[in-house]
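Participant: Taken in order, these protein sequences are the chains called A and B.
Everything in the first sequence is counted per our numbering, starting at 1 for the first residue and increasing by one.
Everything in the second sequence is counted per our numbering, starting at 1 for the first residue and increasing by one.
Since the hints were made in silico from the structure, they are not lab data.
Just to be clear, a hint being listed does not mean it is correct.
With a cut-off of at most 30 Å between alpha-carbon atoms, the simulated DSSO-like pairs for lysine-lysine come out as follows [said to hold, decoys possible]: (1) A/66 x B/28; (2) B/28 x A/21; (3) A/4 x B/4; (4) A/53 x B/28; (5) B/58 x A/21; (6) A/71 x B/21.
Here chain B is said to cover these stretches of chain A; the calculated rule only asks that three of the stretch's residues, wherever they fall, bring their Cβ under 8 Å from a Cβ of chain B [as the list claims (entries may be wrong)]: (7) 7–15; (8) 21–28; (9) 57–63; (10) 68–82.
Every residue, glycine too, gets a C-beta built ideally from N, C-alpha and C.
2 protein chains.
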Amino acid sequence: MKFKAEIDIMPLDALLDPQGKAVTSSLKNIGLEAVSNVRIGRHIRMFIESDSKEEASKIVDEACDKLLVNKIMESYTFSIEEV
Amino acid sequence: MKFKAEIDIMPLDALLDPQGKAVTSSLKNIGLEAVSNVRIGRHIRMFIESDSKEEASKIVDEACDKLLVNKIMESYTFSIEEV
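In isolation and in its complexed conformation, chain A is listed as follows (with noise of 0.2 Å):
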């Protein structure tokens, strides 16, 4: 079967993010006063061949563990369909 997995991997909340912030008063700059607290972060969309959807789970965790994510500044939430 075939899965695909939509992750989200963010600046840890206990750091600043300094692209956000500058993101926000850009905002601001143009108007958009409303906005506050802009997080920048990485989107990534992979698909996987996989018996199951917990076995495509495991691994996207070994992926984000092993490569795509730095434990120390970021984490990281997925969500999985069958495609």
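Chain A is already provided as a structure; the job is to place chain B on it using the hints.
Facilitator: Same frame as chain A, now just chain B:
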């Protein structure tokens, strides 16, 4: 009311994604052969002070159109919830 918006900005399907290609081969190299077609974009979280969900949506659309998204190369989707 305060709303939280989660925005995904991805490279258009018609465009190559060299970063995603590199990650696909790296994952294969560390033994995750089941993964294919990795694409990498941005995930942006922001908070919006607004009277209604519809108004908050408009603000997010305006932020994406004016600042966050390069529509020649990227597309975006978002979800909003009250917090």
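Participant: Indicate, hint by hint, whether the structure satisfies it.
Facilitator: Against the structure, the hints:
Proposed proximity of residue 66 of chain A and residue 28 of chain B is supported: the alpha carbons are some 12 Å apart, at most 30 Å. Proximity of residue 28 of chain B to residue 21 of chain A is assessed by CA-CA distance (about 36 Å); at most 30 Å being required, the pair is judged violated. With a C-alpha separation of about 25 Å, the suggested pair residue 4 of chain A and residue 4 of chain B falls inside the 30 Å cut-off, and the hint holds. Of the pairs offered as hints, the one joining residue 53 of chain A and residue 28 of chain B holds, with about 20 Å between alpha carbons and a cut-off of 30 Å not exceeded.
Between the alpha carbons of residue 58 of chain B and residue 21 of chain A the distance comes to roughly 21 Å, so the proposed pair stays at or under 30 Å and holds. A distance of roughly 23 Å separates the Cα atoms of residue 71 of chain A and residue 21 of chain B; the hinted pair therefore holds under the 30 Å criterion. Counting residues of the segment 7–15 of chain A whose C-beta sits closer than 8 Å to any C-beta of chain B gives 3, which meets the bar of three, so the coverage hint holds. Closer than 8 Å: that is the beta-carbon criterion, and the segment 21–28 of chain A has 4 residues meeting it against chain B, so the requirement of 3 holds.
With 3 residues having a beta carbon nearer than 8 Å to a beta carbon of chain B, the segment 57–63 of chain A meets the requirement of three or more and the stated coverage holds. Beta-carbon proximity to chain B at under 8 Å applies to 1 residues in the segment 68–82 of chain A; the threshold of 3 is not reached and the given coverage is violated.
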